[in-house]
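Start from the sequences, fold in the hints, and give me the full structure.
Chain residues, written in single-letter form:
Number of protein chains: 2
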Amino acid sequence: MDTATRIETTLADAVLTAEAAGAPPRLSAALRHAVFPKGARIRPRLTLAVAMACGDDKPALASAAAASIELLHCASLVHDDMPCFDDAETRRGKPSVHRAFGVPLAVLAGDALIVLAFQTVARAAPCAPDRVPAVLIAVGDGVGVPFGIVAGQAWECEPRADMSDYHRQKTGALFAAACVAGAAASGHPEPEAWRLLGDRLGEAYQVADDLRDAVEDEATIGKPVGRDKALGRPSAVIELGLQGAVARLRTLSEAAVAAIPDCPGQGVLRAVMLAEAQRLVPRKLATAA
Amino acid sequence: MDTATRIETTLADAVLTAEAAGAPPRLSAALRHAVFPKGARIRPRLTLAVAMACGDDKPALASAAAASIELLHCASLVHDDMPCFDDAETRRGKPSVHRAFGVPLAVLAGDALIVLAFQTVARAAPCAPDRVPAVLIAVGDGVGVPFGIVAGQAWECEPRADMSDYHRQKTGALFAAACVAGAAASGHPEPEAWRLLGDRLGEAYQVADDLRDAVEDEATIGKPVGRDKALGRPSAVIELGLQGAVARLRTLSEAAVAAIPDCPGQGVLRAVMLAEAQRLVPRKLATAA
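For the protein sequence lines, the chains are A and B, in the order given. First residue of the first sequence: 1, per our numbering; consecutive thereafter. First residue of the second sequence: 1, per our numbering; consecutive thereafter.
Any given hint might turn out to be false.
Here are the in silico distance ranges between beta carbons for each label pair [to be verified]: (1) B:Ser164 / A:Ala12: 27 to 35 Å; (2) A:Ala12 / B:Gly39: 52 to 60 Å; (3) B:Pro25 / A:Gly232: 52 to 60 Å; (4) B:Pro159 / A:Asp87: 23 to 31 Å.
Partial selection, computed: residues in chain B whose CB lies under 7 Å from chain A [unchecked claim]: (5) Ala88; (6) Ile114; (7) Val215.
FYI, nobody ran anything at the bench for these hints, they're computed from the structure. Bear in mind the structure is a predicted one, so any value in this text is a computation, not a measurement. Quick reminder that beta carbons are idealized off the backbone N, C-alpha and C, glycines included.
This is how it looks when you write it as structure tokens:
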């Protein structure tokens, strides 16, 4: 089964549990709306790439770890899009969850997705119970307190925020979790050694996101553009200029590849990571650079 | 260590992790506000009572399971109190989290508490890794989709709701999880056998909550009263009258005690449950009845 199919199948199985007879149907519909049709699935592809580089001897647990990372990413999109934060009307080219289902169901859908992420890993436990705690700790660190993406989002509610803390927690934490969880699911002896790769990829992705916000249109990326400038948010493009940001993205991508720990599939993973990094550059800039 | 101390110590350790240097301080403060000072801690006391009846041979895991149940209860209070649901100004005798910290931090504090619940169980794994998946599945079932408390709350967003589904999911699910998780943490061979006890206690608690809403004052219970009547919500008091509701509470409590499965501490647990049930009746009705 190819990587994309593994991810979509595992996500579909997870979301299907929400649709049991006797469950509230609008909540189930909101969950499905939040998870499908697919986004880029960058984070779960990263989890599986790392798991495969480490041997992927427990594929059901690795798939569950990948799905849990994506479910948490979807949860954060649902909550961050709400009127009290970004007030985003669209997401992945369709109405955001609160626009389609209302704010109360957006709150609950986000909550349910967070729980579903942990349920998904717990339900995969029979194939490798001894590895489950490390996977869960990696996933929890990436999303919760003190330094996960929820903490990152909370910096928007502080009177003073360190921008590097903000970005590292808001974006980088889940990339780091994606790597560490993939390594833990495949029984790598030192899953934490994979954190640096995730941190650097997270930084690279943040720069790529700033570039997309600056140069793409809404139809291409499925969400409103020009928001950083409009909302006065920090952005690598505003700080470094377009070409400076593209150069920074390349530097970070190379640093990420250099951070891949020793593992059986190190060479293949390097090639995959370089190809992924290439895809992060908006097309109109990739040809110009 | 007595039960109350076990619960407060485990919760304090969990919340302390949110206060690490580099974490957003207002989010940390909102978490602390949501969890302390203590509420009645009915659910985690139930988890520990069941764990002790089953031998309590892995107390660190049982304490973590109890804390996780209470953290999820606190998370649901934070989100359910928000303006898009109950718009409650007070909780446990002080401002609700969104009143004290604003809606964005209420969303994030609830999210972080859900994650912290699972982190707390995962971090206790070294003492009994083989039991962790069953504990996590019990906890996840109690809070998530399809039938946990998040699903219960979502019935408020449906055009038609079955009231027994609503109550069973909104209140009963976490009581059931409290029992099943306690049994799983102590290695009971059939944790699911404990679900019926939790279901019945959840129903009893719901009736007790309806009674408190009808006869107590805000200073006594720390939250607004008379809300069921004001909001047109279903209530055992409106349906059965005051004395009828008290009689129903006693019947449910006895049915709960009768549902306790075989275990080493069955006799003690029966006595504890009857004493707990007695505490559920508002004082002014207990003397009159």
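How the hints compare with the structure:
no. : hint                           : verdict
1   : B:Ser164 / A:Ala12: 27 to 35 Å : 30 Å, holds
2   : A:Ala12 / B:Gly39: 52 to 60 Å  : 39 Å, violated
3   : B:Pro25 / A:Gly232: 52 to 60 Å : 22 Å, violated
4   : B:Pro159 / A:Asp87: 23 to 31 Å : 26 Å, holds
5   : Ala88                          : 14 Å, violated
6   : Ile114                         : 5 Å, holds
7   : Val215                         : 29 Å, violated
The structure fails to meet hints 2, 3, 5 and 7 from the earlier list, while all remaining hints are met.
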